[in-house]
Structure formats: structure tokens, C-alpha cells
Amino acid sequence: MLQQIIDVIDAEIAKRKNDKFGIRFSLDLFNVLVSAKMIEMATFTAFGTGAFPQRLPAYRGKYYAFVDLEMAGLEFEVGVPNEP
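If you want the numbering used here, it's the 1-based position in the sequence shown plus 8.
Treat the hints with caution; some may be incorrect.
What the hints assert, rightly or not - Restraint-style ranges between C-beta atoms, simulated for each label pair:
1. Pro61 to Val16: 28 to 34 Å
2. Phe60 to Ala80: 32 to 38 Å
3. Asp36 to Lys70: 32 to 38 Å
4. Ala54 to Gln11: 33 to 39 Å
Since the hints were derived computationally from the structure, they do not count as laboratory data.
All C-beta atoms, glycine included, are put in the ideal place defined by N, C-alpha and C.
The task is simple: from the sequences and hints, build the whole structure.
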């Protein structure tokens, strides 16, 4: 079942034209993916400029992974931050 979920996540990622997005996960799914070593720490910088580097969780070490406590079960959403 985990592989099926990973395949669905990867299919959503493949639909994107660039890699400037993050993935929002339910806590349950995030924890399962951490255990499966699909989420690891990676360095992100402000707007990709190299400024202000921060170590944050990342799906496949590339896409920022955020836990949304309001999401239930094994939910996730691939997207970009809302523009102000």
C-alpha cells in the first residue's frame, strides 16, 4: 500500500512543469514516509538564491514537506504557496 501512495505522489509531482513547490502531508502519512526514508532533511534557501539556508524536511530530499494537522488519514497535496 505504501508503494501505491508513493506512486500517486510521484505522479502528481510529474504533472508539474517546474520544481518550485512543496507537498503538504497529514501527520500519519508524514510519519510513514519518514519511517520509509522518503522524507529526509534538505537545505533550502530564500527563493533558491543561496541566501538564508535552512534545513527542512523534504520528500525525496528535494520537495519541501509540510505537516498539516488538519489533514486526516493518508492525505497529501502537492502545490505552491498562496501568493499574497
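task: Please test the hint of 33 to 39 Å on the beta carbon pair from Ala54 and Gln11.
output: holds (35 Å)
query: For the pair Phe60 and Ala80, does the Cβ-Cβ distance stay inside 32 to 38 Å?
result: This hint holds: roughly 33 Å between Cβ atoms.
message: For the hint 28 to 34 Å, verify it against the beta carbon of Pro61 and that of Val16.
response: Since Pro61 and Val16 have Cβ atoms about 31 Å apart, the given range 28 to 34 Å holds.
message: Tell me if the beta carbons of Asp36 and Lys70 are separated by a distance inside 32 to 38 Å.
response: violated (22 Å)
The structure shown violates just one earlier hint, number 3.
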